[in-house]
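Join the two chains into one complex using the hints; note that each chain is given alone, in its own frame.
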Amino acid sequence: MNDVVLVEDDPDMREMIRLTLMSESSMQVCGEAVNATDAIDTARRTQPHLIILDHSIEGDVMGLQAAPMLKEAAPGAIILLFSAYDLEAEADAEPSIDAYLRKDAIRELLPMVRRLLNVA
Amino acid sequence: MVRRSWVAEDAGSKEGIALKLIFEISRNLQFVLFVLVAVLSLLRWHQGRSPAQAWVAATFGSIGGVVLVARFLSPDPTGTWGDTYARKALVAILILFPYFLFRFTASLRPHPRWYHRAAMAATAAVGLSIFLFRTIPARGAPQPPGWQAYLLLLTAQWVVLSTVSAVVLWRGGDGQPTVARRRMRFLSLGAFGMALALIVGVAAPGAEITVARLVGQFLGLLSIPMFLIGVAPPSALLAVWRRPELRALQAAERGLMTAEAPEQVAAAILQHATNVVGGRAAILVVSQAVVGAFRLTDDELVGAMRAEEPTSEGPDTTIRIEMRDGFLAVFAGPFTPYFGRDETDLLAGLGAMADLALERTRALVREREHAESLREFVAIASHDLRTPLTVIKGFTALMDERWASLPDADKKGYVTRIDRQADQLSRLVDDLLTISRIEGRALKSRPEPVSVACAVEDAIEGNVEARHGVRVDVADDLGVTADPTHVQRILRNMIANAIAYGVPPVEIDACRVPGGVEIRVSDHGPGVPDAFVPQLFEKFARLDKKLSTATKGTGLGLYIVRGLARAAGGDAWYEPTGSAGGACFAVRLPAARVEATDHGSVDARKAVG
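Residue numbers (this note's numbering), protein chains in the order written: chain A, 730 to 849; chain B, 385 to 993.
Chain B extracted, bound-state conformation (with noise of 0.2 Å):
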């Protein structure tokens, strides 16, 4: 077909020759090209289906589509009434090219309803009146003055549509990152680049290959790569235009490595996060509370807060990164969707790197709190230790000075003393000793059955505060299998969390549970605030860590009954009481068979330790 057109014109001059030769070349790079560039487009239309990558596709497609037909048909008409329709079918699917491209940067950013229905009309009206025509001339052949009308009004219906789309495009780009910027000027100057070639072509219509047919070729030649890159860039030029985009976030990425504070970690990103998708503004939330906000009004503030999935609400696009405790989201233009998504996979890595950051700085504050609580602990232990020793010492010292003097009654008295503020010293010790069992798995257990009515009334007997105003309602034959040392601790430490936090009276009662006994005891005071309920059980856990309050103990107790609890097979764990309105502490344990009312049997007296 080629040679064939070659030997209708006239190839007189060696310069006649050359032309043709690149003619010929150049449009057969075209050709490769187009059905290339609408190739592309309809993958990555197939790999992700927006309305934009549709139109794309639809853009691209449709004019490969054309010259991959026109390629079959003659290169002049040959009068057949299938080759005038395909010839006619081929033109008004051309003229469709800019209305796809139209529409295109219209699902981007929407246009007034009358440019949509102009464009539709006029395209309409163009890609119709084809059919009108009873043939299309030959290139060189007379044109006949409706035929030149029609071709104008094409033109015309081309270059404008080309060019609103074109400014559009360019326009947008302003602030946009590096490559969506360079990809949307880079379509803007395809689009600009056909709407030439058209004009040279409509201007030329010889059929001799002069140097205004050439230019046209070539400007549409040209076109081509421009739209290549602008809906598929090579990676290789991505990578390179990238570089800002890459220096920001490694910028950001420093940033995050010192953050200590989640306040910091949004100083480090929310100006990159914003350029690196050329977006507006950006704002972080952690724990449902805004930590950092850049660029951002008030009003947008609330917006962002329930802003729940990336949305295109008028001319923005908000993209949301989720992160484990909150999200980093990023006010972008319309054109962030289509052209931004590389740079919106840039934005997830660093909001993931984001979310590294925040949960070190939460590793931090816990390090920081447990450092804290392990000085006051210290503290604490101290304190505790030193008072009872303190007596002892000054009671034996007393005594020492003034045995010979003081009358029997007194000596005695003070050996009660000593004796009192050993048990204090002992018990301390037995939880210290305990907890290093219970962190070491090194905890020494016998379980058999005990009666939880008579270790309850142990209990209750072992604490002199505890004698009166505990309440207990639990059945004779209630038993669990546990250690009685244990179970007499995971008591006493309960009923002695209930008397020093609660309000009387205090309530024990038990009951069986599928797989064991629950026994709970509650008390009428306040209970325990919200945000201290999942530090309850943990070491040192004191509602006030400051030694300034008046709240004593060393925050072991509970530490101790979920320890022994769980090393019996059960657990440990608060409930904020519905009625009483006060805490209550409830514990499981494996039940076990025991005789009712026959507390004898049940050795629950042994020493605790």
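So here's chain A without its partners, still in its complex pose (with noise of 0.2 Å):
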């Protein structure tokens, strides 16, 4: 089974990321967070093999920023930095971050997960 934590302050957009990952029955959302504060604290606890981190969110730090302290906390972790915004070469330029989706291409989201924990 692998675990997820889900990084994003939009309530809607954070059920649409759940149940697009609940039809991959190998995924389960172990933990959720709003902030990087909480973010880090949930990553630290649970260790999932995957966190989906949104830019925007709550708090002075944002996901680009927050990224490394992620990694830092959760060091088996792979981190998808899926943003509405234009952030591909950022994410590029950050090497916590392992991906990048935007959000738009939210149909991507589930094969590029399967894709980064090795699922069939």
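Hints in this document: simulated from the structure, not taken from any laboratory. Please read all numbers here as calculations on a predicted model, not as lab measurements. Among the hints, a few may not be true.
What the hints assert, rightly or not - Okay, derived cross-link-like pairs now, SDA-like style, lysine to any residue, Cα gap no bigger than 20 Å in a straight line:
#	chain 1	residue 1	chain 2	residue 2
1	B	777	A	774
2	B	795	A	740
3	B	796	B	784
4	B	796	A	841
5	B	796	A	751
6	B	777	A	749
7	B	795	A	797
8	B	777	A	743
9	B	796	A	837
10	B	795	A	841
11	B	777	A	798
12	B	777	A	830
13	B	777	A	833
14	B	777	A	769
15	B	795	A	830
16	B	777	B	797
To be verified - Here are a few chain A residues that sit away from chain B, every Cβ distance over 12 Å (derived from the structure):
#	residue
17	749
18	804
19	824
20	836
For each residue, glycine too, the CB sits at the ideal point set by N, CA and C.
Written out as structure tokens, the structure reads:
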């Protein structure tokens, strides 16, 4: 079973992602957070396989800045930056981020997560 | 008179006649030139009254007066009382020439005090002692020893004072711009020439026209054009002399054309500005900050910042060229105010061009900032449009795929979410449309009386976060005349702004003012930083424009507030609140009469849009 942490401040979007992941039985959402501090706590506690991270989250620390701290809290986690901003270049430049997907390509989310977690 | 002097002298040989002719021509020329230089220096003084101008006018005015009056006296003393006293008075006034010249140079660069005292004492002594003589010996007549001694004294006074002035002027010319340097050198040569002419004249006292007398005459004659050029140089000469300075100015102008930052403006002009007036150092101050200094020490930097008016303190004259948002100051030498007036004007021209260049750099910065905000806005707007669209698309796809298997309760929940996101999307699109209407002056407005209390209540109702923690203090009988949907928009944006950026509790109050009603929305947050206040109501204004910061929003809210308020004939502004410490946003709208507590009569619940 692959544990996933969702870091997303929009409840509708969080629900959307959760529902998308639910169709894959080998995955479970083990934690959710709306800001960087909670996200780091959750990651440290649950040591997930995957963190789906939004950039525009609550609080002073944005997703891009939170990524290295999340990686430090859960070194085994793959971090997927999932944002409505065009942040491909920024994500590429940030070593702690393993993949980036723009939100309007939500149909790509499940295939990408499968690929990242090597789920058949 | 001229002819009589010819006849009186021996005109035997041809050479004698030629010498006399030359002598007379040069004497007449000398007369004309002296009067000319006197008139010009008096005119200059009349145009620009300064101590230096006054001393120049006194110097040349006195000598011009002497030659003019002497013209009406007979060539030789008549021996009458009037003639004798007139001659004595003329000599006494003539004595003042080197003294006035000395005072002129001293007015530019002060001498030690004892110099002044000695000069004044010597001049007074020589000037007054002429009255001790009963008569003035005629040219060629025997000179008593007392008179000879007096002539020696007079020559010494003249030569010493003229030499001091000439040396000051000559040496002062070093490092001056071309025009000033040459004017000073010419004046210096003129003073030397006059002194030499006097020496030769005293040494050759005979009545006959000798070569020595002619040389003296020529020296005197030559020195006047020198004075003339020094005092009032012809414009053709100025144009030629000024070429190096004009070239420097052109170089500065070229630098200004490409300058993109205040520092580049400073780099382009400071050295040239200094050289144009033969200054020692220069400084450019913009927005009360030094953006560039040329050859200036730290102490002088502090002094320069304080310099308010061009002052002449000590050996320096600060030429200060005012600009829209700062000034250019050049530390010039003591001779600049008199000899460098035209150069100072050139400097003022350069200052004006630098001012324009600075304005351009400011415009460039604004343009870049605007382009940057536009880019940020596009990024934020795309994000804000994409987010609800993604959710809508996601839930519809989900329902499409699993329609049969989904419980009804879930379907209902998904539809609610889709609806909420569609509202969000609709608000953003509304904002964008409103902005384009405000800017295109195509805002559709249907003004009608709106109860402020009702409108505030509705605005709070429309904002989930505002339902708690907003204190309202609005009298029921306050009304405004505006489009109700616009009033809603204004209030909702102001409330949303206070909730997003301020600290609760948010307070809303309204009061009647002449010509309208003012509604204030204030909070208890840290307030708006002073530097950001001027941009608050601008488009895309967000305190921190970087995507990497946590501040959300497109930065259109307050822009729309002001646009709608102004369209209704009112305005919107920011007030730093006193007691609460937080931010206060105020809007004024035209007043209207409404029924107290009759909320139902005002339909402020129309859809926003």
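The hints, checked one at a time:
1. Among the hinted pairs, residue 777/B with residue 774/A is inconsistent with the structure: their alpha-carbon atoms are about 33 Å apart, more than 20 Å.
2. Among the hinted pairs, residue 795/B with residue 740/A is consistent with the structure: their alpha-carbon atoms are about 16 Å apart, no more than 20 Å.
3. Of the pairs offered as hints, the one joining residue 796/B and residue 784/B holds, with about 14 Å between alpha carbons and a cut-off of 20 Å not exceeded.
4. For the proposed pair residue 796/B and residue 841/A, the alpha carbon gap of about 29 Å is over 20 Å, so the pair is violated.
5. A distance of roughly 19 Å separates the Cα atoms of residue 796/B and residue 751/A; the hinted pair therefore holds under the 20 Å criterion.
6. As the CA atoms of residue 777/B and residue 749/A are separated by approximately 12 Å, the hinted pair is consistent with the 20 Å bound.
7. With a C-alpha separation of about 38 Å, the suggested pairing of residue 795/B with residue 797/A is violated against the 20 Å cut-off.
8. A hinted pair counts as satisfied when its Cα atoms are at most 20 Å apart, and residue 777/B with residue 743/A qualifies at roughly 14 Å.
9. Between residue 796/B and residue 837/A the CA atoms are separated by roughly 25 Å; this puts the pair beyond 20 Å, and the hint is violated.
10. Between residue 795/B and residue 841/A, the direct Cα distance comes to roughly 26 Å. Violation of the 20 Å bound is thereby established for this hinted pair.
11. Between residue 777/B and residue 798/A, the direct Cα distance comes to roughly 32 Å. Violation of the 20 Å bound is thereby established for this hinted pair.
12. Only pairs whose Cα atoms come within 20 Å are accepted, and residue 777/B paired with residue 830/A is accepted, the gap being roughly 16 Å.
13. Between the alpha carbons of residue 777/B and residue 833/A the distance comes to roughly 8 Å, so the proposed pair stays at or under 20 Å and holds.
14. Taking the CA atoms of residue 777/B and residue 769/A, the gap is about 30 Å. The hint is violated against a cut of 20 Å.
15. For the suggested pair residue 795/B and residue 830/A, the alpha carbons sit about 27 Å apart, so the restraint of at most 20 Å is broken.
16. The straight-line distance between the Cα atoms of residue 777/B and residue 797/B is roughly 15 Å, inside the 20 Å bound, and the hint therefore holds.
17. The claim that residue 749/A is not at the interface with chain B is violated, since a C-beta of that chain comes within 12 Å of its own (minimum 7 Å).
18. With a least beta-carbon separation of about 24 Å from chain B, residue 804/A lies farther than 12 Å from that chain, consistent with its non-interface assignment.
19. The claim that residue 824/A is not at the interface with chain B holds, since no C-beta of that chain comes within 12 Å of its own (minimum 17 Å).
20. A beta-carbon of chain B comes within 12 Å of the beta-carbon of residue 836/A; the shortest separation is about 7 Å.
In this structure, the hints that do not hold are numbers 1, 4, 7, 9, 10, 11, 14, 15, 17 and 20, in rising order.
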